[in-house]
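As given, the protein sequences belong to chains A and B, one line each in that order. Letter 87 of the first sequence, counting from 1, is numbered 87 in the working numbering, and no numbers are missing. Letter 296 of the second sequence, counting from 1, is numbered 296 in the working numbering, and no numbers are missing.
None of these hints come from the bench; they were simulated from the model. Hints may contain errors.
If chains are identical, the list can't say which one is meant, so a pair holds when it fits in one copy or spans any two.
Stated by the list, open to error - Straight line, CA to CA, 20 Å or less: simulated EDC-like cross-link-like pairs of lysine to aspartate or glutamate:
1. Lys110 <-> Glu271
2. Lys264 <-> Asp310
3. Lys264 <-> Glu108
4. Lys229 <-> Asp310
5. Lys69 <-> Glu5
6. Lys197 <-> Asp252
7. Lys111 <-> Asp310
8. Lys110 <-> Glu253
9. Lys111 <-> Glu271
10. Lys299 <-> Glu168
11. Lys111 <-> Glu125
12. Lys111 <-> Asp252
13. Lys229 <-> Glu208
There are 2 protein chains.
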Amino acid sequence: MLKTEPTLNDIRQSSARIRPHAHWTPILRCHSLDEMVGATLFFKCENFQKVGAFKFRGACNAVVSLTDKEASRGVATHSSGNHAQALALAARMRGIPATIVMPSNAPEVKKAAVAGYGGEIVSCEPTLAAREETLARVVEKSRAVMIHPYNNYDVIAGQGTAALEFLEDIPDLDAILVPVGGGGLLSGTLIAAKGVKPSIMVIAAEPEGADDAYRSWKAGEIIPMVGPKTVADGLLTSLGDKTFPVIQRLVDEIVTVSDEATLKAMRLIWERVKLVVEPSGAVPLGMLLEQKIDLCGKKIGIILSGGNVDLSRFFANT
Amino acid sequence: MLKTEPTLNDIRQSSARIRPHAHWTPILRCHSLDEMVGATLFFKCENFQKVGAFKFRGACNAVVSLTDKEASRGVATHSSGNHAQALALAARMRGIPATIVMPSNAPEVKKAAVAGYGGEIVSCEPTLAAREETLARVVEKSRAVMIHPYNNYDVIAGQGTAALEFLEDIPDLDAILVPVGGGGLLSGTLIAAKGVKPSIMVIAAEPEGADDAYRSWKAGEIIPMVGPKTVADGLLTSLGDKTFPVIQRLVDEIVTVSDEATLKAMRLIWERVKLVVEPSGAVPLGMLLEQKIDLCGKKIGIILSGGNVDLSRFFANT
Numbered sequence: 001m002l003k004t005e006p007t008l009n010d011i012r013q014s015s016a017r018i019r020p021h022a023h024w025t026p027i028l029r030c031h032s033l034d035e036m037v038g039a040t041l042f043f044k045c046e047n048f049q050k051v052g053a054f055k056f057r058g059a060c061n062a063v064v065s066l067t068d069k070e071a072s073r074g075v076a077t078h079s080s081g082n083h084a085q086a087l088a089l090a091a092r093m094r095g096i097p098a099t100i101v102m103p104s105n106a107p108e109v110k111k112a113a114v115a116g117y118g119g120e121i122v123s124c125e126p127t128l129a130a131r132e133e134t135l136a137r138v139v140e141k142s143r144a145v146m147i148h149p150y151n152n153y154d155v156i157a158g159q160g161t162a163a164l165e166f167l168e169d170i171p172d173l174d175a176i177l178v179p180v181g182g183g184g185l186l187s188g189t190l191i192a193a194k195g196v197k198p199s200i201m202v203i204a205a206e207p208e209g210a211d212d213a214y215r216s217w218k219a220g221e222i223i224p225m226v227g228p229k230t231v232a233d234g235l236l237t238s239l240g241d242k243t244f245p246v247i248q249r250l251v252d253e254i255v256t257v258s259d260e261a262t263l264k265a266m267r268l269i270w271e272r273v274k275l276v277v278e279p280s281g282a283v284p285l286g287m288l289l290e291q292k293i294d295l296c297g298k299k300i301g302i303i304l305s306g307g308n309v310d311l312s313r314f315f316a317n318t
Numbered sequence: 001m002l003k004t005e006p007t008l009n010d011i012r013q014s015s016a017r018i019r020p021h022a023h024w025t026p027i028l029r030c031h032s033l034d035e036m037v038g039a040t041l042f043f044k045c046e047n048f049q050k051v052g053a054f055k056f057r058g059a060c061n062a063v064v065s066l067t068d069k070e071a072s073r074g075v076a077t078h079s080s081g082n083h084a085q086a087l088a089l090a091a092r093m094r095g096i097p098a099t100i101v102m103p104s105n106a107p108e109v110k111k112a113a114v115a116g117y118g119g120e121i122v123s124c125e126p127t128l129a130a131r132e133e134t135l136a137r138v139v140e141k142s143r144a145v146m147i148h149p150y151n152n153y154d155v156i157a158g159q160g161t162a163a164l165e166f167l168e169d170i171p172d173l174d175a176i177l178v179p180v181g182g183g184g185l186l187s188g189t190l191i192a193a194k195g196v197k198p199s200i201m202v203i204a205a206e207p208e209g210a211d212d213a214y215r216s217w218k219a220g221e222i223i224p225m226v227g228p229k230t231v232a233d234g235l236l237t238s239l240g241d242k243t244f245p246v247i248q249r250l251v252d253e254i255v256t257v258s259d260e261a262t263l264k265a266m267r268l269i270w271e272r273v274k275l276v277v278e279p280s281g282a283v284p285l286g287m288l289l290e291q292k293i294d295l296c297g298k299k300i301g302i303i304l305s306g307g308n309v310d311l312s313r314f315f316a317n318t
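Please model the entire structure based on the sequences and the hints provided.
The structure is reproduced here in structure tokens:
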């Protein structure tokens, strides 16, 4: 396990480590969206990643990095989102138990997905305090290794592998745009992309209604998010003390995006690119639609972070 | 223009002809669907094709095959579906006019798409008779070359290029599954796939509520569809006299599929493969879900024919 902030070399090693387990995801282009935003867009399809989101990279790297002795105790986390499924699958691949603390109000479909990957679910009250207490009890009893969704150096290194692949496939990108929630993907991307290509711009897109990264970056200290309100349900969390310093040091820009623009972008990705992406994955394109930053004529890489959406509304009458 | 049924060689030539204009579409896999159906599935993503459907292949081949003299008169068709957009775009690429006869009740979004590709829309009453009469008037006046959506040898040859790419990328496929409406994709696939690999099975999937291909195949003569009723809105048409003989001679099986299975398949493709496909494109997977044919353990190629869906229900409150 990494004790200090990952370097480019750590991310390269993570990339080799997860290669047998994770997908090297494809990159898609879309002429009509290029015309619409006046730039050349490259979409890195992390919605095609295992469990449907980049989160598998970090969870997989963290699980594979454990010594056999550590691994024998199993892993644990609290999450109601993609990290829960990612950790459950990564643990199953290594043949070790994963305990996932989930709030009692988590959607049945998410619980079923975690259980489907062999994760053991421990239910708790739907508050952050209850989640943390319950997880602490689980870890105390089982001695399982706690794998935080983003505030963990091995997770950060794993998330950085997406940018590494991106620049290997498309070396002449001018910028990479990523959504930011807890900052795992952003900090990993920053270390990887700036390491490989110092001139590249890395720009974070954050929902207006969960703008703690923007405010923390401006203030120079972590300002936790209180009462986030956005359709981008993967980006509700606050930065951590392991992600913030990287972001503070390396990010070119953090731009907030309205939910309206995010939903417009999501619809465009479904309609034009024919990809199912979740709202969180559409925030960077939403940023381009709002024209809050000038990237005209540039080659822009967008990490489509995930594709896990509840489709019951669309298929309601079927 | 081809005067007789295309051969494998004609399809090979079509493939070279459309290469500068059409996408060589990628093939995706999905582990969880493999497990579900007990076979190894390969999805050929024609939803990523230009205009979002395989129809561009046929329209493009037909338009590019015109002599300069023919082309100078422009092209025309009647269609409210993907062929309308495909022909409009192919014509624009060649710099010639396209006139598309569309029923007055065609969705605004489809009219807008055709107009967006530079097609001239002529509106008519929403009956087949009115469509054909209106088109005949257009053609008489403009001397435009009429490009039928499927009952046209150049169109059939163009549609066959998808199977050619499929077998070049995955030579050891045991079977290819395609949806059947008018039979353009099916007949092109049959000539291409059986030509390249005589041992391959080609199986057509048809909605129960538009089962004229199944009944025609059984009867040995074309039985036109009267009052089709299915969610697969791209498969309402009847076989033509240029597609039926190929199908009659070469198809291994035509299997009918319930709308229930098609919608279940469509949802699975959205949820698991993260691809937006239209109902017509999901019919072959629906066939596998219904287990009406035993392909257990086989390597199965599925042509995801298109991805043009009206998403307004999903995005209704946004």
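Each hint tested on the structure:
1. Lys110 <-> Glu271: Intra 25 Å, inter 13 Å, cutoff 20 Å: inter-copy only.
2. Lys264 <-> Asp310: both (17 Å within a copy, 15 Å between copies)
3. Lys264 <-> Glu108: Between copies, since 19 Å is at most 20 Å while 27 Å is not.
4. Lys229 <-> Asp310: Classified as within; 18 Å inside a copy, 28 Å across copies.
5. Lys69 <-> Glu5: neither (23 Å within a copy, 68 Å between copies)
6. Lys197 <-> Asp252: Within one copy, since 14 Å is at most 20 Å while 54 Å is not.
7. Lys111 <-> Asp310: within (13 Å within a copy, 30 Å between copies)
8. Lys110 <-> Glu253: neither (33 Å within a copy, 39 Å between copies)
9. Lys111 <-> Glu271: Answer is between: at 16 Å across copies they meet the 20 Å cutoff, but 29 Å inside does not.
10. Lys299 <-> Glu168: within (14 Å within a copy, 31 Å between copies)
11. Lys111 <-> Glu125: within (15 Å within a copy, 51 Å between copies)
12. Lys111 <-> Asp252: So lysine 111 and aspartate 252 fail the 20 Å test inside a copy (37 Å) and across (42 Å) alike.
13. Lys229 <-> Glu208: Answer is within; shortest intra-copy Cα gap is 8 Å, inter-copy 45 Å.
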